[in-house]
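Asker: Here's the letter readout for the chains.
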Amino acid sequence: MAADRIRRFTERFLTAHGCHFIEKSPNHLITQLSIEADKDLVHRPFYWMYVEKMGIEPQPSILTFVFDPQELDQHDRGECLNPGSPRFLTMLEAAKKRGRFVRLFEESARPVGNPLSSRPYIPWLGVNFQVSYVCDQKKDVIHCLGINLHSGEIMEDFFREMKRRRWNAKLPANRHTIQPQLRIAEGVGELERFLQTQIERQDMTWAKQALKRMRIELEQLEHFFPEGENNAEKEQRIRETIWQYHPRVEVEVINAGLFYLEAL
Amino acid sequence: MQSVPIRMDRKWLGPFQERVESDTGWSTWEWFQLAVEAAEAQVVPDFDTLQCLNTLTGFTPLPHQTATVRRVINEMNGRAILADEVGLGKTIEAGMILKEYLLRGLVKKALILVPSSLVLQWTRELNQKFQLPAMAHKQSWMWEQCDILVASIDTAKREPHREKVLSQTYDLLIVDEAHKLKNRRTKNWQLVNRIRKKYCLLLTATPLQNQLTELFNLVTLLKPGHFGQEAHFQNEYMAGKRMPKNEERLREEVRRVMIRNRRSDGHVPLTKRHVTTIPIALSPEERALYDGVTQFVRDRSCQEAGDLKSALSLIVLQREVCSSRDAAFLTLFKMFQRSEQDEGEISPEVTHLVNLLRAVKRQSKVERAIQLFKEIDEKVILFTEYRATQDMILRSLAAEGIPAVPYRGGFARNKKDWMMELFQKRAQVMVATEAGGEGINLQFCRHIINYDMPWNPMRVEQRIGRVHRLGQTRDVHIYNFATENTIEEHIIWLLQEKINMFEMVIGELETILEQLQMKDNLEQRLMQIVLESEDDREIRARLADIGENIRETREKILAETEHRERWIHGG
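Chains A and B are the protein sequences, given in the same order.
My numbering numbers the first residue of the first sequence as 488 and each following residue consecutively.
My numbering numbers the first residue of the second sequence as 330 and each following residue consecutively.
Since the hints were derived computationally from the structure, they do not count as laboratory data.
Keep in mind that a hint or two might mislead.
[What the hints assert, rightly or not] Below are the DSSO-like pairs computed for lysine-lysine, each with C-alpha atoms no more than 27 Å apart in a straight line:
| id | chain 1 | residue 1 | chain 2 | residue 2 |
| --- | --- | --- | --- | --- |
| 1 | A | K650 | B | K340 |
| 2 | B | K885 | B | K848 |
| 3 | A | K583 | B | K340 |
| 4 | A | K721 | B | K437 |
| 5 | A | K583 | B | K437 |
| 6 | B | K486 | B | K516 |
| 7 | A | K721 | B | K438 |
| 8 | A | K625 | B | K340 |
| 9 | B | K509 | A | K721 |
| 10 | B | K438 | A | K526 |
| 11 | B | K885 | B | K509 |
| 12 | A | K526 | B | K340 |
| 13 | B | K754 | B | K744 |
| 14 | A | K540 | A | K526 |
| 15 | B | K754 | B | K708 |
The shape of chain A in the complex, shown without the other chains (with noise of 0.2 Å):
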């Protein structure tokens, strides 16, 4: 992640977070944070605990950021924030836990014609997936993926689509959800069937040859210890060799949620 995305990201997550900045510029910023950032931010679960049994005013940490390594010095108590600074890797890790679920119906620019009437807004289900590969290496293929509940339709990169849209967190007045099709489970299922083929579909010479590098090691196992011996060392290196290289795909869940339309 360059600076300047780590710079927005920061500036977003502390603004979600109801953070006051008491100084900004291209290259730093310095922010009073709110109760809850602190929580996120600042490791110090006692303190809180503290704060509230007794019910002391509770004191925030004010916290300077800096982008740019070489202004580091320009800044009493500054934190360089790169992709693998502590305290960023805790802001991505807080973001994540938070922007878990949503549910969220799209806002119309069509007026509501008759103020009798209700329009319907058809149910999406919108699940980001995160694929990892992994032997003895690793990597990475964010799908995100959406299922129309009632009629069965698959979207990818339905993400990026939501993102065109603007959003509600109530439903508005005459307006309604129709009855869904399919169930959640449903809808899940059939999206992780279609990850699935899609999974299958990829270059698997990674996992081949991981599986052959294994093959090779087990064998030199088998003629390095003597033959027929229950020999606990060489157990531990099969256990070993096969963790360190045994080719899997792992999907998780980086968030989901429901996502009422109007009609595409």
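Starting from the known structure of chain A, arrange chain B on it as the hints suggest.
Answerer: Same frame as chain A, but now just chain B:
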């Protein structure tokens, strides 16, 4: 090919359905988007592009270090011997590999086993250079609780720790100074062999010191069976204990598990050293004091013949007087106190010395130092062996208005850091009594004054190593102060003319002294020579012998190394 297992995460579905049913606990659209962006930021887009490179701040890895990290991860599958020569940054390579695996989510729990003297240094490097939450092992619960733990191998191999270590599984195990693992019968070797680990890095500058089986044992820790069984290895690759055969093939096999970067490969742009001896002529008063002390040492050591220890402490007095009046004064004062207790009166000899000491008003050495600071007009680090000298120099500098900071081994960690920062930002001079130990890196400074010379050359090397190391971008100047016609002059002559120690690369001296079994007692032997010799000529002759001995050993080691490197590298 059998199909690759796919594991679907379903843990989220329950909580999601609960929210649908209760219609509460929803997040906002903004947080939802931030969560996806956070996941995107942590994605590893392909198998082999290094992620750690743009997370490093404060230093840029050298090309050979980055290449090493790539090879370990992409070609050696995370099990490797890192055998760079001393000073090429094995720690940095290991730190980058650890960081890379953590960023990729392939390592969560890591153990770093090092000699106990290096535990804090490793922890600090991982904290500061790599921003990793590494902890130094102090208490027993840490084996289980800490994800990145640095511990002494000597602790780990003892019960009750050993049992705890063996009950864990480590995604990555790093062992520093891994040449201590060359014998399969040692506790070290057996411990490392039994630790459950996925990836493993063994760090050593000398993967092979004597016998070829050492290499076999090291590789067996990483990949048992890589060379086949031991008998097979001996038949295939060993012509004798130290003589390889089928070198070409052996070299290939070794290269698959070991990386060795060498200085001569031109990886390291180490700058030049310029060494200057600065002769210091004593004033008549200082000369009288030095001669008086020398006479005193001679007389006393005759009286105390047989008691080597107290005789050696007299030599210390002689060395101190070369450093400063103040350093000698302290020792004399202690003798004076002792004699008072024993006899109730001060011996006339001590009184005489104290009078000579009083007569010294100006000190030639410190005057020369101040003159030199003004000439250099850049940052200078000055080393002395004695606290009293350090205080005196600081006072003299203050009187001259030259900003200076002290540095001592006894300072607390944060005071050390603070002094280094002051030196970098505000002061011209750092006056230090200690060079060893961890964490004092002064690459921003390029002038070293050896105000007095340690008789243990390893300590001289440590002093130079603070400044002349990776990251130093300019030539380094070393100034050795030598008081004329004193024992100090002999020692500098030995170090500079006979041993050429200022031209040695870091680490070379240690190997030589180890081989000569002089690593721990050279200083004492030098003192004994001074004590036992009748006159200066004899001192010179005997020092020359030692020098010759070291020189020969150095050549022998260089030749052996040359030969070994040739078959390992084919160079």
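Asker: Now look at each hint and say whether the structure bears it out.
Answerer: How the hints compare with the structure:
Proposed proximity of K650 of chain A and K340 of chain B is supported: the alpha carbons are some 26 Å apart, at most 27 Å. For the suggested pair K885 of chain B and K848 of chain B, the alpha carbons sit about 17 Å apart, so the restraint of at most 27 Å is met. For the hint linking K583 of chain A to K340 of chain B, the alpha-carbon distance of about 15 Å falls within 27 Å, and the restraint holds. Distance check on the hinted pair: K721 of chain A and K437 of chain B sit about 25 Å apart at the alpha-carbon level, within 27 Å; holds.
Restraint check for K583 of chain A and K437 of chain B: the C-alpha separation of about 19 Å stays at or below 27 Å, so the hint holds. Only pairs whose Cα atoms come within 27 Å are accepted, and K486 of chain B paired with K516 of chain B is accepted, the gap being roughly 7 Å. With a CA separation close to 23 Å, the supplied pair K721 of chain A and K438 of chain B stays within the 27 Å bound. Between K625 of chain A and K340 of chain B the CA atoms are separated by roughly 22 Å; this keeps the pair inside 27 Å, and the hint holds.
With a CA separation close to 23 Å, the supplied pair K509 of chain B and K721 of chain A stays within the 27 Å bound. Between the alpha carbons of K438 of chain B and K526 of chain A the distance comes to roughly 25 Å, so the proposed pair stays at or under 27 Å and holds. Between K885 of chain B and K509 of chain B the CA atoms are separated by roughly 23 Å; this keeps the pair inside 27 Å, and the hint holds. Proximity of K526 of chain A to K340 of chain B is assessed by CA-CA distance (about 25 Å); at most 27 Å being required, the pair is judged to hold.
For the proposed pair K754 of chain B and K744 of chain B, the alpha carbon gap of about 15 Å is at most 27 Å, so the pair holds. As the CA atoms of K540 of chain A and K526 of chain A are separated by approximately 16 Å, the hinted pair is consistent with the 27 Å bound. About 10 Å separates the Cα atoms of K754 of chain B and K708 of chain B, which keeps this hinted pair within 27 Å; it holds.
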